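Order-wise, the sequence lines are chains A and B. Each residue of the first sequence is one higher than the one before, counting from 1 in the numbering used here. Each residue of the second sequence is one higher than the one before, counting from 1001 in the numbering used here.
Treat the hints as calculated values from the structure; they're not laboratory data. This structure is a prediction, so every number in the text was calculated from the model and none was measured. Keep in mind that the hints are not guaranteed to be accurate.
Computed cross-link-like contacts, DSS-like style, restricted to lysine-lysine with a CA-CA straight-line distance of at most 27 Å [said to hold, decoys possible]:
hint, chain 1, residue 1, chain 2, residue 2
1, A, K53, A, K93
2, B, K1247, B, K1118
3, B, K1002, B, K1061
4, A, K323, B, K1053
5, A, K53, B, K1323
6, B, K1118, B, K1093
Number of protein chains: 2
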Amino acid sequence: MKIPKGYQFAATKAAFKYEGKLDLGAIVSSTPAVAAGVFTTNKFQAAPVLQCKDMLADGRKISGILANSGQANACTGDEGLTNCRETLNLAAKALGVPADELLPASTGVIGAQFDMDKWEAAMPALGESLMTSTPEDTAQAIMTTDTVHKLAETSFELKGGEVRLLGMCKGAGMISPNMATMLSFICCDADISTEAWQAMLIDCVNLSINRVTVDGDMSTNDCVMALANGESGIAIESEDDYALLRKHLLTVLEELAYKIVMDAEGGTKVAFIEVSGARSDEDAELVARAVGNSPLVKTALFGSDPNWGRIICAAGYSGANFKADDLVLEIGGILVFRNGTPEPGNMDDLLNPIMAKRDIVIHIAIGEGPGSSKLLASDLTREYVSINADYRS
Amino acid sequence: MKIPKGYQFAATKAAFKYEGKLDLGAIVSSTPAVAAGVFTTNKFQAAPVLQCKDMLADGRKISGILANSGQANACTGDEGLTNCRETLNLAAKALGVPADELLPASTGVIGAQFDMDKWEAAMPALGESLMTSTPEDTAQAIMTTDTVHKLAETSFELKGGEVRLLGMCKGAGMISPNMATMLSFICCDADISTEAWQAMLIDCVNLSINRVTVDGDMSTNDCVMALANGESGIAIESEDDYALLRKHLLTVLEELAYKIVMDAEGGTKVAFIEVSGARSDEDAELVARAVGNSPLVKTALFGSDPNWGRIICAAGYSGANFKADDLVLEIGGILVFRNGTPEPGNMDDLLNPIMAKRDIVIHIAIGEGPGSSKLLASDLTREYVSINADYRS
């Protein structure tokens, strides 16, 4: 793994919720980095989300990210915000960075207050781990119901040097419609302005992480934070430089997005839902989200059942503006339905081999318009129910 | 059971999908009845829905309802509509009513064409069953994944006589947001105008059947059809008469709505979600539906887990216009959250006994406004997934 220059990683076991699990991690940049962030639009924003937005508002440089799993520190009121700031003070000392340059992120159960004694007790080990921890360790520390840690990396040559990007995320449930119980951190060693980095991040998140759905639930804690510390010595100046970095940032975020849906709670399938021909991108997105969030479509995916009527039914109630007779449905490249009528032939025989696969492409055209949208969706399984019915016990 | 005057019931086994199950039924009124209907707003409307809307558009009187389970006759194009009309011709002869006074309704798998040979073969038995069948038989004939047939009845005195109402419905999945895979038939023997009956039906459906959610999926076949044949000899004329009949129609529809959620596919709980203090009823409904459709709330209900943060999270992404600090959450009468902060005390101990019950009242106030909304929601269980992953196999 090529780690972007100037970054160190930390991870330790603080027993916030479970004994013996890495649940507290940090990323530290030796040079204060340009920082960008995209956050949940949920009305109830967790204390760390409020704190990050406040810190990033003045365009300051950032020296690190502090993240925990176990408690979300959401719906915790003023006490939660005070606790959040206190954890930054504690960790800043342990990690050797200024507290006002450390961004917080939390994930876990909503509504529980931090146990500050556990935070204090964990600080020496967190600081020491900076010497030995890997990105894998930090990625593991932010896992909740994730079954695997999630990393993505890329690098490219520019002006005779190399720019590196490394991303990590967690997220398996409470995913969609705008990120969700999803933490994602990106480290980059390019030299770029705050404005350009923030614009690029928003742009790329909207095309990747915001295009996945597990269960349609958008959490209080979602965030994507991206650091660019300039340690590669390579400045992003021209439009071409910008386009190249953007392309690689999108690659990292798309890979993380796919990994989230691959690791969806209890998930066994990834549906690639593509909607085209809509009057607007918004209409296309309504259709994609209705199909990707339909429990009936998702259970049919789980059952490998070519019950395509449920896809059309979901498109029909999506609220998108289109004519029913214009809808053309293809599954795995097989034409299934057009002109309000199923195609002739034994559709089950044609579709069964496609539905049996892990990755399933569902293409829905709803006219001749310019609007389109894509969405990655997981299936809905007995295991999802078990995980979420028993999550706290 | 008090059957409204002038109605007969039919039911037989046509083996549309399963052998040995009642799957074809009818209701016949000896006097052509004033008829009202409320239908799915899905863009893909099943052939019987299109046919019914066409027939009811001219305000004609209706002598019966023909209903089948096994195939939905939805997404079946012109062939489906032709088949629908042919089944009306066949059944009209068998039942002794004019074909243009017989309303069709279908439920089952989307996209499959009728097997017309099976329809023809079933006609003699359908006709004969008129002599012997009960409302229970017809209610059984429209069941799909329902585990029990669903009937509701009421009667009241007016002008020295008795008016009777009898309702039946089917529906267990694909339920919400505006009815769904839900067929409901109401028989009444009052004498009322078409306009008044239609207005009353819309009004009452919006307060009952449209206030339930199982999985948020709205089907292609939903319909509520109501007949009023006047055989009681009692005319609904004054505002008081109207209010009395409306009250009893609502009672029948509310009982059917509760029975749908009680019998939700795999369901073990009924959540009564009440939202108040909203700026508008629409805002209140957004919150109620977001909470009632959240897979995370629904799995927590199944697990009897007082994970109240998921309720607040769903309210937060509902899109409703309110201030986060104004939200007050009560579960089973216990104050859980207000002013952005959880209430002190061991909430799990307080809520565990409430969450263990079958019926759970969730009250969410989001301000001081006049808007309110109610919704009945089922939980999400492993059994729901099993039923819908394996439904066609």
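Okay, the hints, checked on the actual structure:
1. A/K53 <-> A/K93: Distance ~22 Å between A/K53 and A/K93 Cα, so the pair holds.
2. B/K1247 <-> B/K1118: violated (41 Å)
3. B/K1002 <-> B/K1061: Status holds; Cα separation ~23 Å.
4. A/K323 <-> B/K1053: The hint holds at about 18 Å.
5. A/K53 <-> B/K1323: Between A/K53 and B/K1323 the Cα gap is close to 18 Å, so the pair holds against 27 Å.
6. B/K1118 <-> B/K1093: Status holds; Cα separation ~16 Å.
Hint check: a violation occurs at hint 2 only; the rest are consistent with the structure.
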